[in-house]
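Colleague: Residues per chain, in single letters:
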Amino acid sequence: EAGVAQSPRYKIIEKRQSVAFWCNPISGHATLYWYQQILGQGPKLLIQFQNNGVVDDSQLPKDRFSAERLKGVDSTLKIQPAKLEDSAVYLCASSLALSGNTIYFGEGSWLTVV
Amino acid sequence: GESVGLHLPTLSVQEGDNSIINCAYSNSASDYFIWYKQESGKGPQFIIDIRSNMDKRQGQRVTVLLNKTVKHLSLQIAATQPGDSAVYFCAESLPGQNFVFGPGTRLSVLP
Chain D
1 EAGVAQSPRY
11 KIIEKRQSVA
21 FWCNPISGHA
31 TLYWYQQILG
41 QGPKLLIQFQ
51 NNGVVDDSQL
61 PKDRFSAERL
71 KGVDSTLKIQ
81 PAKLEDSAVY
91 LCASSLALSG
101 NTIYFGEGSW
111 LTVV
Chain Z
1 GESVGLHLPT
11 LSVQEGDNSI
21 INCAYSNSAS
31 DYFIWYKQES
41 GKGPQFIIDI
51 RSNMDKRQGQ
61 RVTVLLNKTV
71 KHLSLQIAAT
81 QPGDSAVYFC
91 AESLPGQNFV
101 FGPGTRLSVL
111 P
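Protein chains in written order, with the numbering used here: chain D, 1 to 114; chain Z, 1 to 111.
Everything hinted at is true.
A short, non-exhaustive set of chain D residues, derived as facing chain Z with CB atoms under 8 Å:
hint : residue
1    : G40
2    : G42
3    : D56
Hints are computed from structural coordinates only; laboratory data are not their basis. Every residue, glycine too, gets a C-beta built ideally from N, C-alpha and C.
Hey, can you work out the whole structure from these sequences and the hints?
Modeller: Here it is in structure tokens:
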């Protein structure tokens, strides 16, 4: 079974530029998550989708971050404009259902803002 | 300046010894717990899970123990190998809620 796919794996941008990350979850997984992981810390949830609807985006900095999952499968996370403190790994994850299910992670997209 | 968050708790063990990684969770109502392993440059990988109606669960070379009285979770790795070197995270979730991840523990396996 294919895992969670993410691209690009690495990205370096200058502050105030924009960047987009793509995620394809495990086939059949209705719930998709985007996490931010700063070096040396645990993952922090940014946004959670159930199919194509947003379930939880309470920790998403909406002035600069946006995410969509228009057809309920793939998802894109965008940052515009980027700040230095956005340097982190952006992890996409998926699970079968909303809660009480194991979350499976992708390899992450590593962002450096200079 | 100081890099807050880079000073992960570290556990160093000799190859072949058993490892015990501990996690204090925050909410007594949490009912589902997962241990993840994260190797350098990779995403977190599921190791083992346990629900609150259990005290112990065993996998291949790994055992998770749950002590609800003191809100403590531990991961035991038997016969630790060099490939076990990684950062280990515990995650807890309340019923119907998302997972919250702990800060992580770095396991270093010494030859």
